[in-house]
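Engineer: The residues making up each chain are set out below.
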Amino acid sequence: MANVHQFDVVVVGAGGAGLMAGLYASRNAKTAVISKLYPTRSHTGAAQGGISAALGNYEEDKPEWHMYDTVKGSDYLGDQDAIEFMCNEAIDAVLELEHMGLPFDRTPEGRISQRPFGGHTNNETGKPVRRAAHAADRTGHMILQTLYQQCLKNNVNFFDEYQALDFITVNGKTAGVMAVNIATGELHTIHAKSVIFATGGHGRIFEVTSNAYAYTGDGAAILLRHGIPLEDMEFFQFHPTGIYKLGILITEGVRGEGGVLINGKGERFMPKYAPTVKDLASRDVVSRAIYTEIKEGRGVNGKNYVYLDIRPETVNKFAVEDGRTNPDGSKYNLTAEQVLQKLPDIIDFCRVYLGIDPVTQMMPIQPTAHYTMGGIPTNKYGQVVIDDKNTVFPGLYAAGECACVSVHGGNRLGTNSLLDLVVFGKHAGLKAAEYAKTADFEKLPDNPLAESQARFESLKNGSGKENVFNLSTELKNAMFNDVGIYRNEKDMQSALNKVRELKARFKDVAVKDTGKVFNTELLNAWELGNLLDVAEVVAMSALNRKESRGGHSREDFPERDDKNWLKHTLVWNKDGKLEIGYKAVTITKYQPKARVY
Amino acid sequence: MTTKSRKLSLKQRGLTYFETQMWLFTRLSALAMYALILFGLIAALVMGARNQMDFADVMRWAFMPNVTHIQSTNVPDVAPWSSVFWKLTAIALLFVATAHGVHGLVVIADDYIASAGGRKIARLLSIVMMVSMIAAGAVVIWTS
Amino acid sequence: MGLKRDVSLSVGLRYKGPSGYLTYILHRIGGLGMAIFISVHILSAFLGGKTGVYLNGIYENWAFQIFIFFCVLFHAINGLRITILDLFPKLLEHQTEAIWLEWAEFIPLFGVAAYVISSAGLGA
Amino acid sequence: MEITVKIFRYNPETDTRGNYVTYKIEGDENDRVLDVLEYIKGMRDGTLAFRRSCAHGVCGSDAMRINGRNMLACKTLVRDVGANITVEPILGLRIVNDLIVDMEPFFDNYKKMLPYFINESPLPEDGRERLQTVEDRARFDETTKCILCACCTTSCPSYWANGEYYGPAAIVTAHRFIFDSRDEAADERLQILAETDGVARCHTAYNCTEACPREIKVTKAIGEVKMAMMTGKV
Ligand SMILES: Cc1cc2nc3c(=O)[nH]c(=O)nc-3n(C[C@H](O)[C@H](O)[C@H](O)COP(=O)(O)OP(=O)(O)OC[C@H]3O[C@@H](n4cnc5c(N)ncnc54)[C@H](O)[C@@H]3O)c2cc1C
Ligand code: HEM
Ligand code: SF4
Ligand code: F3S
Ligand code: FES
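Residue numbers (the working numbering), protein chains in the order written: chain A, 1 to 597; chain B, 1 to 144; chain C, 1 to 124; chain D, 1 to 234.
None of these hints come from the bench; they were simulated from the model. It cannot be assumed that every hint is accurate.
To be verified - Using 20 Å as the maximum straight-line C-alpha spacing, the simulated SDA-like pairs for lysine to any residue come out as follows: (1) Lys50/C x Ser144/B; (2) Lys512/A x Thr14/D; (3) Lys4/C x Glu164/D; (4) Lys516/A x Asp102/D; (5) Lys245/A x Arg79/D; (6) Lys465/A x Gly42/D; (7) Lys173/A x Ala439/A.
Stated by the list, open to error - If you want a taste of the chain B side facing chain D, the calculated C-beta under 10 Å gives, among others: (8) Arg6; (9) Ser9; (10) Arg13; (11) Thr16; (12) Trp23; (13) Leu24; (14) Val107; (15) Ile108; (16) Asp110; (17) Ala114.
C-beta atoms are modelled at their ideal positions from N, C-alpha and C, and glycine is treated no differently.
Using the sequences and the accompanying hints, generate a full structural model.
Structural biologist: Right under this line is the structure:
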């Protein structure tokens, strides 16, 4: 058989999670990393603000506080064993990145610099604490680069611009993946003992999003087709501050540095919604606050946006009001130079896309679809678990945004995702290599390519009535408007119907390009198929959960309901029909209580 | 915590590499040529170039102050130009310009010759060219 | 499969950079021109006789002289810019101004010289 | 407003040379050129091939020549370039399909720079971070911004002439490590760059600096590397 490669471990995806997994797996096993984008193009590179760890480089901080904040941030839906594990590993994980050469910003003592971020607090005073380790406003970029560089140093095998199309399983065990070499159009079989999925999120189901074009939920959709459930897919994070209309992210670090949100009347409105931490409340809270302001007619010029203000005079004025000081107790005083130096990329985005200068003008922002809390269910070692009893699927792992451990529960705290990548990426890599040591290669089916080929062929041979671009636009609009920040029964039902209608129409999609070399049209169509599959799960899970929690807030059920809904949703695909089940939340130290910021 | 400053040895910093040395030489020789040309130009002016000669003559003189060049001007007294000093100056300029120019040719040749063998040949040829040019030029200057 | 990487002169010149390609290519042409000229010149002086006179004839042609002067002047001015910027990378901020300055020096100097040489050449 | 877009097309399976196709579409002056391309791909001709991912200038996928100059399609707005837009692939790399070029040679050069942190000395005893002053960190800040988009290298006349030249992007990467006070292999990298295809190939043409979408002062960084070679101070 042509184009068959054999590796102990194959990692699908070369973002932060995939590279970390690849790096660790390759130390103990023969490992390949395949990625549909060149690794440095992965969306981890877009992460701006920082990675959290209770290093305490400026002020006192503890992993327990980090854990509590994360649990609270998750609206008590996060599994506390996993959260504790992650927060305890955080310090070493960040230090390891530093040892790998990551150029963090520095404190005057030469240590890793940290900044405040939404939801990170000193548990004793309730005040914001500096926990986000950062490299200017391109922390993710530096993590991605550093990990890729370390992989090069360790001679990890890369298959760049290979898109995984299918997962191969034999006798309920992992046997490898199928991928297309985008540059030649050839299908390849990668025979492996362990497979790690790290394919990122699926934010492209929404109209306004900070996510990359590549965020099409490939990993989740592939596994869903193989009977593996998806967990908590109703929880999608809307980041409060995306550039108006474009959705490009303005990091929370802006508010960490003292920026404030201003409504159309020129008032700062966050104190109304979060009296203690104000603009630094967790994301779901801030997004809802902005949305409420807009709905109640206090958007700017009656439009769907408000302002984010980082002009030094505003920041310093409110710093006095809030009693914010420097770590040494001196007066907090932000200068224009500091803004330029700490947030260079943000300044650049504003200049390029808005034509404004944030040092002298306010930025028009609106909430933007940002992060997938749900995903492929795993335990804290990255092993994929396929039911409510946490049964492990042999040889299958997932990490990063496509996975749901779940450490983010109903709402992720800023900077916890990058941490999630490195911590669980590492453990998934270790476990996958360990499994490969003991397991044997499964015998490949006679023609492993058959199914993918058939799928591809049917895409190419559709009747050609439907247009990919139109279908995806309709999908994104339906999802953004009806399964967005505020949700209700009627809208979600209509979105679900819409998705199903689109799925039916997708069968007749037109693909004109018959070439082999970089046939992006065909691949885009294939990705749309994934988006539709994933969107259906999202809409269905959301419709099903009759309460408000974290990123999922329903107008018809505005309260959190711990009695009935303190549980994870699991959705399976059983022969084309979705089935819903549940899984208990692991609660160890912190019992659910009301969540106020 | 203090700011770290390191100093690398010649070898460590790559200065023992031919390419780096020639890079530096190209720039230094450029400055040297300016200096020598200016020197010749001033000499020409001092010796009466202002009213007896045309533009081309001055240029010729400036770029290579040897006897043959000066003979073709109207300067009455060419005798000092036969001195060893001016001969050596002219030869120095010749040497610097030739080395600079020939290495420049090598750089250009490298751009269009990718094979290691081809590059070797180009280099060999250029060394031959440089040596013969300097030798021939020196003979002309010295004997004129 | 695929198209070759060759970048032709005209494609390169159409690239809308900060005149980087133009100065680069003119510097090259200038250097090459001078190198050829000097070799020919030395050769002619060294050989003398008939061939010498013949070679002399080529480069004493006024049009050739304008070309050589162009080579010398452009190469010298641009070379000075490169030398200064290379030895003091801090000054690179002023690259654009440097290129402007370069043209401001080159154009009048070359214009005058070309006029002098050509009128002398045509007059003779 | 009406936007006229002239796009370089090359189908590797049928064409022996590229040609230009013009599309007229309705658009907004605040659209990104990438949006325009997406629209053309979506509604006019699905076979149009180009790379893209992040859509906001941080992944480096979509370097192309827009109106004759290297830019990221996602970081260029219609209002910046006007309603007549010409889009062509970047120069100096093999064109494989429409706007897509073969990036392998580019990344090969990157990989020659030992593009990873090297420090074999023992870690601090307390297991904490290696210390670095704010000034030392600032020393190489700018070159850490590189997203390997190849805008610089493919605008460099020297690279056009000679694909063996490592190119400005690779030197930027080397700079990021050479001037990192924690890294210990500055000498090895300088020696690699001292070879025939290293910094000596840079003729200070400055196209690279002008092309860099991350506003890295590329020529200056190269100049600093050259000076480090001369003075040995890093
Ligand atoms: C604008 C923005 C800012 C953010 N800022 C922060 C922050 O400050 N702090 C924080 O903690 N988090 C932040 N996040 C979230 C965080 O960056 C992401 O969740 C995280 O980077 C995801 O990493 P990943 O490794 O899972 O996926 P990615 O880095 O996206 O990698 C996915 C990989 O999978 C590959 N892939 C996908 N599908 C396939 C396929 N079918 N075949 C082969 N390969 C495939 C892709 O090529 C890619 O290499 C931010 C996110 C965004 C969008
Ligand atoms: C005042 C006189 C001169 C100055 C200031 C000067 C300056 C320079 C500089 C700085 C370079 C390096 C360009 C680079 O690598 O980027 C160079 C290259 C070159 N020089 Fe000169 N030079 C002068 C005279 C000459 C002469 C007399 C010759 C011919 C014999 C010559 C031939 C060349 C050639 C062939 C190159 C290579 C061009 C290239 O790499 O593209 N130069 N010159
Ligand atoms: S230096 Fe700038 S132009 Fe060059 S690859 Fe890096 S980001 Fe792109
Ligand atoms: S364009 Fe090229 S020649 Fe040098 S200054 Fe930039 S690398
Ligand atoms: S799409 Fe990422 S840089 Fe343009």
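Engineer: For each hint, tell me whether it holds in the structure or not.
Structural biologist: For each hint, the structure was consulted:
1. Lys50/C x Ser144/B: Roughly 18 Å separates the two Cα atoms, so the pair holds.
2. Lys512/A x Thr14/D: 15 Å, holds
3. Lys4/C x Glu164/D: 15 Å, holds
4. Lys516/A x Asp102/D: OK: lysine 516/A and aspartate 102/D at ~15 Å, within 20 Å.
5. Lys245/A x Arg79/D: 16 Å, holds
6. Lys465/A x Gly42/D: 14 Å, holds
7. Lys173/A x Ala439/A: OK: lysine 173/A and alanine 439/A at ~10 Å, within 20 Å.
8. Arg6: 5 Å, holds
9. Ser9: 7 Å, holds
10. Arg13: 4 Å, holds
11. Thr16: 8 Å, holds
12. Trp23: 4 Å, holds
13. Leu24: The hint holds - leucine 24/B has a Cβ within 10 Å of chain D, the shortest such distance being about 6 Å.
14. Val107: Nearest chain D Cβ about 7 Å off; hint holds.
15. Ile108: 9 Å, holds
16. Asp110: 6 Å, holds
17. Ala114: Where the cut-off is 10 Å and the nearest Cβ of chain D is about 6 Å from alanine 114/B, the hint holds.
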